[in-house]
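J.: These are the residues of each chain, in order.
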Amino acid sequence: MRRAAWIIGFIAVQAACIWVVQPDLGRLWAGLPRLAGWIAGGFPPDFSGFGDLAARAAETLALATLGTTLAGVLALPLALMAARPANPYPALYHPIRTLLDALRGIDGFVFALIFVAAVGLGPFAGMLGVALHSAGSLGKLWSEALEAADPAPMEAARSAGAGRAQAAAVILLSETLPQTASAALYVWEFNIRASTVLGLVGAGGIGQELKNAVDLLDFSRVLAILALIVAMTLTADRLSAALRARLL
Amino acid sequence: MLAISVQGLGASLGGRVVLRDISLDVAAGEMVALIGPSGAGKTTLLRAMAGLLPSSGKLESQGQPALVFQQHALASRLTARDNVMVGGLGRMGFWRAALRLWPRAEMALAEASLARVGLAGLGGRRADRLSGGQRQRVAIARALHQQSRILLADEPVASLDPALAEDVLSLLQDLARRDRLAVLVSLHQHDLAARFADRLLCLEDGCLRQI
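If you read the sequences in order, they're chains A and B.
Quick note: the first sequence, position 65, residue 65 per the working numbering, numbers continuous.
One rule links them: number in the working numbering = place in the second sequence (from 1) + 1000.
These are calculated hints, taken from the structure and not from any lab test.
Hints are supplied without guarantee of correctness; some may be wrong.
[Claimed, not checked] Take a look, some chain B residues computed to stay more than 12 Å from chain A by CB distance:
| no. | residue |
| --- | --- |
| 1 | Arg1016 |
| 2 | Ala1050 |
| 3 | Phe1069 |
| 4 | Gln1070 |
| 5 | Phe1094 |
| 6 | Gln1134 |
| 7 | Pro1162 |
| 8 | His1190 |
| 9 | Asp1198 |
| 10 | Glu1204 |
| 11 | Gln1210 |
[To be verified] Covered by chain B, according to a simulated footprint, are these stretches of chain A (three or more residues, beta-carbon under 8 Å):
| no. | segment |
| --- | --- |
| 12 | 174-182 |
| 13 | 208-216 |
[Unchecked claim] If you want the ones that stay clear, here's a sample from chain B, every Cβ over 12 Å from chain A, calculated:
| no. | residue |
| --- | --- |
| 14 | Asp1082 |
| 15 | Gly1093 |
| 16 | Asp1191 |
All C-beta atoms, glycine included, are put in the ideal place defined by N, C-alpha and C.
Working from the sequences, and respecting the hints, build out all of it.
T.: The structure is reproduced here in structure tokens:
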């Protein structure tokens, strides 16, 4: 009976989504030849002016890396306040967790859109967008790692007269380093992928080139840019995975 | 000279009375063993005496007692030296501790504490790369680094084999004899307690009696 209710509920949710999205297989079928034509027309990929493309890719890499670093700086105190064993001000526990949820809830793309309006076009706006969203993600992941740590060393430090924040800084941060560093690498890797589209809103990086090429229907260029994006994200994935393997 | 004195101590955990009207004292240079079955309240008594649990009654001591925890309670990724320094965090500011910029004098004290427990030269080794006996010694060194005259040890040999257990108890005995510390140690093993302690106290059903 319970299982039937779950199945009926699942089907009802899917039906509601179909009603909203209105998927149309006929339109997909009609569009497939067009898509195939674009892909075929994209060969060979146009890597002319590779230096410019590489510079844009480097911009994406730089804004994602700097954004992740800034996110870490913002997330560290927030994570400590959002973890019960480390928080010296219990009254701030729930407000800080709500703030982290809010930061996580707004996508970096949306933040970038707002920052483009506030600070102008370019990678700086993108970096700020990445940093704010990632501060929420990192803060949440780090606070969970801090809360899951063995409480005994903290208690020993507290019994020796250490303050809660002091003990957390010395013990919890070191004990959870494999988890927190791994989370930071995961977020960095995610940010490199996510930053490739920030150019669509004028927030710098290779996404800007992609948008220009799509607007001009220059599919050889689009294919070259996609190849570069895939190469960049795969390299970051491998590097991040290797570093995480060393840490854990 | 009495280092710590407890009169009429009582404590409850989760609404259940665990300790009733406990009175005991330990003099400087004395090692007292607290024995009793599991669940008798030995850990609760030591934690109450260390100020980690709320309790009723009167407690007088020469400064804050240092507690050696059951199962070491070491930070596994910190070095033995850094774990010992944790005992001195109460004497340091936040940033100095957070950045682990240990004061020179504290470093020297920590090295002396490590040497006192027979771990000279092992300060740079990570805690998770030490043997069980070495970890327990680091835990004792951390307690020594608190510069307290009173050492409370909660089942410090529970996880050690008999030879290592004797080594650790011999060290605690030596700390009482030579360094004139007041040592109160809870133990399961009556034979070890009788061999190493000056006095035995038995805790049963939350009440204490002298043996």
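J.: Hint by hint, say whether it matches the structure.
T.: These are the hints, each one checked on the structure:
{"no.": "1", "hint": "Arg1016", "result": "holds, 21 Å"}
{"no.": "2", "hint": "Ala1050", "result": "violated, 6 Å"}
{"no.": "3", "hint": "Phe1069", "result": "violated, 6 Å"}
{"no.": "4", "hint": "Gln1070", "result": "violated, 9 Å"}
{"no.": "5", "hint": "Phe1094", "result": "violated, 5 Å"}
{"no.": "6", "hint": "Gln1134", "result": "holds, 16 Å"}
{"no.": "7", "hint": "Pro1162", "result": "holds, 25 Å"}
{"no.": "8", "hint": "His1190", "result": "holds, 27 Å"}
{"no.": "9", "hint": "Asp1198", "result": "holds, 25 Å"}
{"no.": "10", "hint": "Glu1204", "result": "holds, 26 Å"}
{"no.": "11", "hint": "Gln1210", "result": "holds, 27 Å"}
{"no.": "12", "hint": "174-182", "result": "holds (count 3)"}
{"no.": "13", "hint": "208-216", "result": "violated (count 0)"}
{"no.": "14", "hint": "Asp1082", "result": "violated, 8 Å"}
{"no.": "15", "hint": "Gly1093", "result": "violated, 8 Å"}
{"no.": "16", "hint": "Asp1191", "result": "holds, 28 Å"}
Hints 2, 3, 4, 5, 13, 14 and 15, counting from the list given before, are not met by this structure.
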